Amino acid sequence: MRSLFANLAKPFTQTAGLARWMLVIGVLLTAFFVVCAVFAPWLAPYGFAQSSSHGTPFPKVAPPSSQHLFGTDRLFFDVLSRTIWGARTALEVVILSIVVCVVVGVPLGIVSGFYGGWLDRILVLIMDALYAFPSFLLAIVFSFLLTGLLGGTVVAVSLSLSVIYVPQYFRVVRNTTLSAKEATYVEAARAIGASDLAIMRRYLFGNVIQSVPVLGTLNAADAILTLAGLGFLGLGIQSTDAAEWGHDLNRALADAGGGVWWTGLYPGLAIVLLVTGLTLVGEGLNETLNPTLRRRRLLPVVMPVREPTTSLPEEQS
Amino acid sequence: MSRAGSGSLPRYIFQRIVLVIPMIWVILTLVFFVLRVAPGDPVSAALGSKVSPQALANARERLGFNRPLIAQYWDYLSSVAHGDLGTTFSDNQPVLRVVRDNGGATLSLTLAAFVIALAVGIPLGLLAGRYRDSVADVVIRMFGIVSYAAPIFFVGYLLQLYVARPLGLPTSGAAGPFTVLDVHPKTHILLIDVFLTGNGADIQDVLRHLVLPAVTLGLLICGVFIRLVRVNMLTTMQADYVEAAEARGIQRGKVTWRHAFRNALVPVITVIGLQFALLLGGAVLTETTFNWPGLGQKLVYYINNRDYGAVQGIVTVFAIAVVLISLLVDIVNALIDPRVRF
Chain L
1 MRSLFANLAK
11 PFTQTAGLAR
21 WMLVIGVLLT
31 AFFVVCAVFA
41 PWLAPYGFAQ
51 SSSHGTPFPK
61 VAPPSSQHLF
71 GTDRLFFDVL
81 SRTIWGARTA
91 LEVVILSIVV
101 CVVVGVPLGI
111 VSGFYGGWLD
121 RILVLIMDAL
131 YAFPSFLLAI
141 VFSFLLTGLL
151 GGTVVAVSLS
161 LSVIYVPQYF
171 RVVRNTTLSA
181 KEATYVEAAR
191 AIGASDLAIM
201 RRYLFGNVIQ
211 SVPVLGTLNA
221 ADAILTLAGL
231 GFLGLGIQST
241 DAAEWGHDLN
251 RALADAGGGV
261 WWTGLYPGLA
271 IVLLVTGLTL
281 VGEGLNETLN
291 PTLRRRRLLP
301 VVMPVREPTT
311 SLPEEQS
Chain B
1 MSRAGSGSLP
11 RYIFQRIVLV
21 IPMIWVILTL
31 VFFVLRVAPG
41 DPVSAALGSK
51 VSPQALANAR
61 ERLGFNRPLI
71 AQYWDYLSSV
81 AHGDLGTTFS
91 DNQPVLRVVR
101 DNGGATLSLT
111 LAAFVIALAV
121 GIPLGLLAGR
131 YRDSVADVVI
141 RMFGIVSYAA
151 PIFFVGYLLQ
161 LYVARPLGLP
171 TSGAAGPFTV
181 LDVHPKTHIL
191 LIDVFLTGNG
201 ADIQDVLRHL
211 VLPAVTLGLL
221 ICGVFIRLVR
231 VNMLTTMQAD
241 YVEAAEARGI
251 QRGKVTWRHA
261 FRNALVPVIT
271 VIGLQFALLL
281 GGAVLTETTF
291 NWPGLGQKLV
301 YYINNRDYGA
311 VQGIVTVFAI
321 AVVLISLLVD
331 IVNALIDPRV
341 RF
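Heads up: the protein sequence lines correspond to chains L and B, in order.
Under my numbering, the residues of the first sequence are numbered 1 to 317, in order.
Under my numbering, the residues of the second sequence are numbered 1 to 342, in order.
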């Protein structure tokens, strides 16, 4: 238990100055949105698709007031509520898509790296092609397919995001597997008669999985941007199904000409802050885990006072 | 890249070109099957419900949709190989004409964005890397992170609200209606055509329309360049040859300029190729935000109309463009940096 905490705190204890600050700010920003997401029903004054309360309809595109702290938009929705609920949508999509990425990408990477041969070549070719293609366009094409099949739901959008990140997990895991399978302990395991499956599960998996957290955080930041981008194009989640910042910004854009700022500013700021938070966490982790960038905290070294080797006899002075 | 190669440049280029073909093939295959698996009949989706069943059947016959999937796939591949990208279903235009009419706008937007991103990103990145952990470094890094974290359409929205309105800059389209009438399409790239026409007021109009979209898209990539150049600068500043130069007593400023800066810039060329993919994705959003008449906006338009033919054709063009640009960048890279070839 203790070592778990020590490991979790490692990024903090091993960084100094700026890197540590960035990490702290990133964690705080991310935590803020996680709290918003988890407690959205209690924090948000209204529902995300609520346009009236106690029988009185909300005003249309009304500026911020005591009733609606962030104002209302052109669908009569409360902007503050939608901004808070949006955190929940973002978190759901990001978690789901990264889980899918890990579940698909890690085993494929291990198997491909471990066995090599034609299977490896085909997988590498497919993954490289996916990786080379503009990720946002890929997301557009897949959300075109998946929202058609599943409707504009969280699952459909998460899956189309997974498609663009799986190649990254595959690559990283495959490359680590390639070097790890040459290690002596794998040879030893083979010598005592461990099956391929056991080697992959017990010896390679633990080694390979360590590269996933940094990738996951950086992908999470990117996933939120992609989700918002799809929403902005109207390809993501429909606004009556869930609150989604990108889709809200799309509607806000139409108001920008008339000088209405509150419908777009808050969802936009939410995206910027959350992505910044996640990026800072990812960079902070990267700086501690990547030895070429790492700058360890230097503890002040106290040099012992140098004693004269031969002390002069007292009585002479 | 290829360790087994003999290290000669023509051989490297040849190997690289050979690799491009399976890459394009995989993408084309993927796009083809994804669009075929997508639910709904593409023909009725594109033509709408007003058409009679007989007309639908005719259209299906004409477009080849009642043939086996594998035959359609083969047709698609062979027509792409012949340079034919098919036609759009909803307005029955050759995809190549759509590309010609709208590709120029996307090209000028992305190029302008690149210029802005490089002009802003490289100096800032060098500065931040040179003075690591200083105030300038912190500010520049935060700028880099925030400019990456801010979605394109949000930046565009803010620019429209707080910059375009006070300055009276246009926020929609690539040119005013009078300019469009004035300019004769020669190259089908408005930015070039308007200079060929040589009318001062028109040139000004086109540039005024270009400013905000280009800045919006440029800011996205700018953050990437800042991060990249900064990290490269950090690693080159720690490199042995920089230390050696310093040990020989060469002035610090000279060491940074002649030894560290130049080597920190080499990877930028590689990354320009990778960023092109990011830029194309960003262009779709920028074009929608500013109603820019480019290929990305067309793609969104056809997607919303569920026009499979157009989506397939435009995505194919994007795929080929990206792969060719990365090929070009790799070749340029091999020309400059001999280490790549070996």
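If you are wondering where the hints come from, they were derived from the structure by calculation, not from laboratory data.
Each hint should be verified, as a subset may be incorrect.
Said to hold, decoys possible - Short derived list, chain L residues pointing at chain B, Cβ under 8 Å:
no. : residue
1   : Leu-28
2   : Ser-135
3   : Ala-252
4   : Ala-254
Please read all numbers here as calculations on a predicted model, not as lab measurements.
Even glycine gets a Cβ: it sits at the ideal position worked out from N, Cα and C.
Hints, one by one, checked against the model:
For L/Leu-28, the suggested interface contact is broken, since its CB lies about 15 Å from the closest CB of chain B, more than 8 Å. With a least beta-carbon distance of about 6 Å to chain B, the hint placing L/Ser-135 at the interface is held under the 8 Å criterion. Interface hint at L/Ala-252: satisfied, since its Cβ lies 7 Å from the closest Cβ of chain B, which is below the 8 Å cut-off. A cut of 8 Å between beta carbons decides the hint on L/Ala-254: the least distance to chain B is about 10 Å, and the hint is violated.
In the structure shown, a violation is registered for the earlier hints numbered 1, 4, in ascending order.
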